[in-house]
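K.L.:
Residue numbers (my numbering), protein chains in the order written: chain X, 1 to 690; chain L, 1 to 501; chain W, 1 to 122.
Be aware that one or more of the hints could be misleading.
[As the list claims (entries may be wrong)] If you want a taste of the chain L side facing chain X, the calculated C-beta under 8 Å gives, among others:
1. Thr217
2. Pro235
3. Trp239
4. Pro241
5. Asp370
[As the list claims (entries may be wrong)] Derived lysine to aspartate or glutamate pairs resembling EDC-like cross-links, with alpha carbons at most 16 Å apart:
6. X:Lys489 to X:Glu457
7. X:Lys31 to X:Glu111
8. L:Lys372 to L:Glu447
9. W:Lys116 to L:Asp33
10. X:Lys456 to X:Glu540
11. W:Lys116 to L:Glu117
Since the hints were made in silico from the structure, they are not lab data.
Glycine included, every Cβ here is placed at the ideal spot set by N, Cα and C.
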Amino acid sequence: MDMKTIYLLIPLAPLFGALVAGLFGWAIGRKAAHTVTIGGVAVSFLLSAYTLKYLLGGGEAFNGTVYTWTVIAGVDFNVGFLVDTLTAMMMCVVTFVSLMVHIYTIGYMSEDPGYQRFFSYISLFTFSMLMLVMSNNFVQLFFGWEAVGLVSYLLIGFWFKRPTATFANMKAFLINRVGDFGFLLGIGLVLYHFGSLDYATVFQQVAADPAGWQAKTITLFAGHEWNLLAVTCILLFIGAMGKSAQFPLHVWLPDSMEGPTPISALIHAATMVTAGIFMVSRMSPLFELSDTALSFIMVIGAITALFMGFLGIIQNDIKRVVAYSTLSQLGYMTVALGASAYSVAVFHLMTHAFFKALLFLAAGSVIIGMHHDQDIRNMGGLKKYMPITWITSLIGSLALIGTPFFAGFYSKDSIILAVEHSNLAGSGFATFAVLAGVFVTAFYSFRMYFLVFHGKERWMSAGHSHHHGDHDDEEESHDHHHGLGPNDKPHESPWVVTLPLVLLAIPSVVIGFLAIGPMIAGDFFNNVIYTNLEAHPALEQVKHHAHDALAMGLHAFMTLPFWLAVAGVAAAYLFYMVKPDLATMCDRFFTSIGIKKLMEEKYYMDHLYINGFAAAGRAVGTVLWKVGDTLLIDGLVVNGAARVVGFISGMVRKLQTGYIYHYAFAMILGAILMLSFWLYVWGVSGVFSN
Amino acid sequence: MIPTSLNAWVATPEIFLLCSACIVLLFDLFVSDARKQVTYLLTLLVLALTAVLTIQSLQQGLALSASGVSAARFAFNHMYVADPVADFAKLGMLLGVALVLIYGRSYAIDRGIFKGELFTLTLFSLLGMMVMASATNFLTLYVGLELLSLAIYALVALPRGNVRASEAAMKYFVLGALASGMLLYGLSMLYGATGSLDVYEVSARIAQAQFNPMLLTFGMVFVVTGIGFKLGAVPFHMWVPDVYEGSPTLLAQLIGSAPKLAAFVFVLRLLGEAMGQFGPLWGEMLKYIAILSLVIGNLAAIAQTNIKRMLAYSTISHMGFLLLGVMTHSEIGYAAAFFYAMTYVITAAASFGLIMLLSRNGFECENIADFKGLNKRSPWFAGMMLMVMFSMAGIPAFVGFFAKLSVLRALVDSGLTWLAVVAIVFSLIGAFYYLRVVKVMYFDEPEGELLAPAGELDAKLLLSLNCLLLLVLGVFPNQLLTSLSHAVNLTMAGSAGMMLQ
Amino acid sequence: MLESYFPVLLFLVVGLLVGVAPLVLGWGVGKVLGTVRPDPEKLSPYECGFEPSADARIQFDVRYYLVAILFILFDLEVAFLVPWAVVLKEIGLFGFISMMIFLAILVVGFIYEWMKGALEWE
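Chain X extracted, bound-state conformation (with noise of 0.2 Å):
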């Protein structure tokens, strides 16, 4: 098979997976479908770990076009891939958590009556993100970025029966609308400015003339000169936001928990979020040109790292906790983005994909074992019932805060080191963001842990509150009870569910270790990557650091970051395991001066939202639609143009009379008209007179 075969392969096989069980499932039943679209999973997932291999190996990168969709005013729209390094880890995990997650599914859907559709629905998500991150142009790229969108739109509206969620998938495709606009219109500015969608010949362009680049300008309101990388990166970069929830358009990531959790896993924690990182990634050459955006790009990120990590502190429900670290965490990535150290984010979006999609799936082991209860204050003491849940989760949760060794820490500790030394504007104010952070999550992260694994076993007590997540949907023939009853014990999830979190443990713990030297260091991205480390020189800190990944582990111990982490860890053991009462005075305290409540609120953003713009627009739309839908357009062009239409229509259908001679009339009527004006024509113009 050669390698083109093989790149054609890897989306397809998930496709085909997703076509069979979504047309044919209710044919097929529930254990072929899952068997084919997991077979489909697996074989992608191969063929990617092959890819990887064989371009370490020294293999060349591939980039070229596979089909010519279609060519309009001389720009081709092109299916075509590009497959190097970056390409190739980003196929990896995309399938490898893919794959977990289709594992796992098996166990968690076992009793839902949409068993096929959520499988179709997942590898056809699989697919349409191979095709997005294989892309060697943006209108594919912008195809997978749509099609993921839709995906995640039907999947967190995949019990579409409960208002909540399907409020929360409507929200979710609304402000992905908002980022999409500004994607595409950078889209455009790249078209019409460099006459190419094909990242090779655009990359070329800039890479020959970076000055001249830099220099242009473009007009967007008479009088003011814009820079045109600027202006194009930035409206890029608001499409990444859109697609990786950063702060103002990251409201739509908490809700979407209201998809299974299997999807949270996949889709809103490792991979589909991180489309954004990836695409700015990509388009390195061309961000590396404009110190204004990758400003804006690290002070977006470090509002989001450090202020939805404060969230996450104050969230009851287990997968709300864990939607705000991933949030804190893109937030992470996207600082190491604006501090040019593309490398780095991707290093981190790779280990964040396996410990963030083993926290959910081990979240959603724990909603298993809990009956569907999502509520961790009514939970405690599960170390003893759900161990290999419980030994998950720990070792997700040290590699989330960075603890040394794990995978987390390289990445995290890469990203801190780089903003420290990022000399763009706003870097001050990353470098605090970030290290503040590092506390909050180690609080946050280790709160849930001890509440959920610790302590008093508060099911036995807890009264049935009726605040329960997954299953109140009325699809459900069968009997749920939410919650566990008096006499119910939780229990270990079957081993399907535990199998893919054990899985993943393994690469939370050690892939960090093992990938630093290449990545960072090494020449893993060399030419896929572009950094101009004259102007941005943060990597080279970094990259000095990554040589040696046991030394850096061991230098950890006598680094703020990792104190900080420790502080996290003590704080959230005294809170909530030594002494509650503290944990309540201080929530009363930030109850009475006010932010607690502003916290509560999500800092007011959903309000502004829903009642300053969505009104607005409403309003508007109400009076657009009033007068102008209504009055003029309804009143006077449709039923205007119909009516008019009707009466002429009415007018042609006399003429067809049923009689032969009037048809043969009108015929040579037609002919002796043509002949007239022909002869008339040319009489005119001459012809006949010589």
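We have chain X already, so just place chains L and W on it with the hints.
P.N.:
Same frame as chain X, but now just chains L and W:
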């Protein structure tokens, strides 16, 4: 004088078809009425084998052109040519005719027209179309046209007891004879004006200014009249609704699909090749015919309650679109029109196929009201019909969209943006009646008995594929589009080369 | 120029003679030898078939059409065969084969109409 360039092998597909048609004719005499399925299968086999031969011819032509030789191979003293345009068109016709027979099988059995004549006449009409596609001489063109027309007149009258069918056949025959006469008259004038019947010879004479302009104009008007009739363009369209409505649906499908391709190639040879020099002249004529067809076709379709009549008017408007592509007298325009005709064959086949499967013995599904609540009775049928209607309306992601788009692009490229705007406006008006069918299927309550449509498995399967093809071609139109425009380019380059000699 | 039309004139004259002579002869001989006893059947031009001049809109058996059409078909065949036979030597094998193909097609038609029973009057 013994012909020196017989080259009969060039016409292998047609010769094979002729012999097979005769064999089917004789064979059927010895098959009892109850076992006509055998004839049916034999006919399909003939179609398949002819398709194989045509594909071989096509491959040969493409190989020739790839090696730098002209892809056109002439036969019968330059009266007959096999080139990629002809071969592609023939493949389209073969597909169209095969679909007619497959979709219409149970319909024909129910109505007692599942007879040997159905198959032999269909084969002969196909032979006529194929001859038309390959003709490079006015006489061959005319013979092909008459073979096609006469076979179809007889086919329409096949249900002898049916008054409506007889009336349709009568109208079709009389008007067809009139048009045919006009065409012949026009051809004879062209002969008089240029002194030749050969397409390339005529083209060369015109280029050398050896012609009588007045006679040529007269001839051209009559030729356009004849073409207009075949395509069913306004004002030569009057027969279309009556014949569609009156004839058995399976024959409406036959009339409405494959012959359009033959007519397109006919136009290409006669106007594009023979009178290419006069492009602006006949382009102007076709322009008004095309606009009128768009206007009348779309407006009249809105007022229809009978779906076959509606489809008839829709055909008229589609032919208007096709003529818009032709009237640009540019290669891109011809290619667009070719693509339009090709995809229209598939779309029309699917629409009539669905109507036939919905009709049961004693129940003719032909009023739009019969589709009410179809989604509740059979989501499959409703879904398929939805795809067909969307494709006809030109909604993106369906092939109809790309067909329209390529025509519009040709118009804009020729600097006729205003015409493109007119075309868009009328296809928007046209979208109304297609979407009305969709609305009726999905949002109206079913009336009367809730008969779930059955349909045979083979027809259903093929229809699903057919409708899926509309979607697949809409998403991946490029392969077909480039192949067809390559074929058109070869033909036009060949005819330019012929003139230089 | 005009003399080339002389054969045509000759043809006309001979044709006229051939047409008129039997009439004149028949009329004269009949006058001399025959007896005249008219009745309606005898006075009609044909014993079967149609009046030569009458209203066009009459009903008659469709089988007449069938026979007439078949007759024309095979009549034309002869019209082709005669000139073909005259020049057969010059057109050679090619001409022979061409005509055989033509005849074969006609034979197919003939078999068809025969088997369909178009040749049976009842």
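K.L.:
Quick one: which hint numbers does this structure break? Sort them smallest to largest.
P.N.:
5, 10
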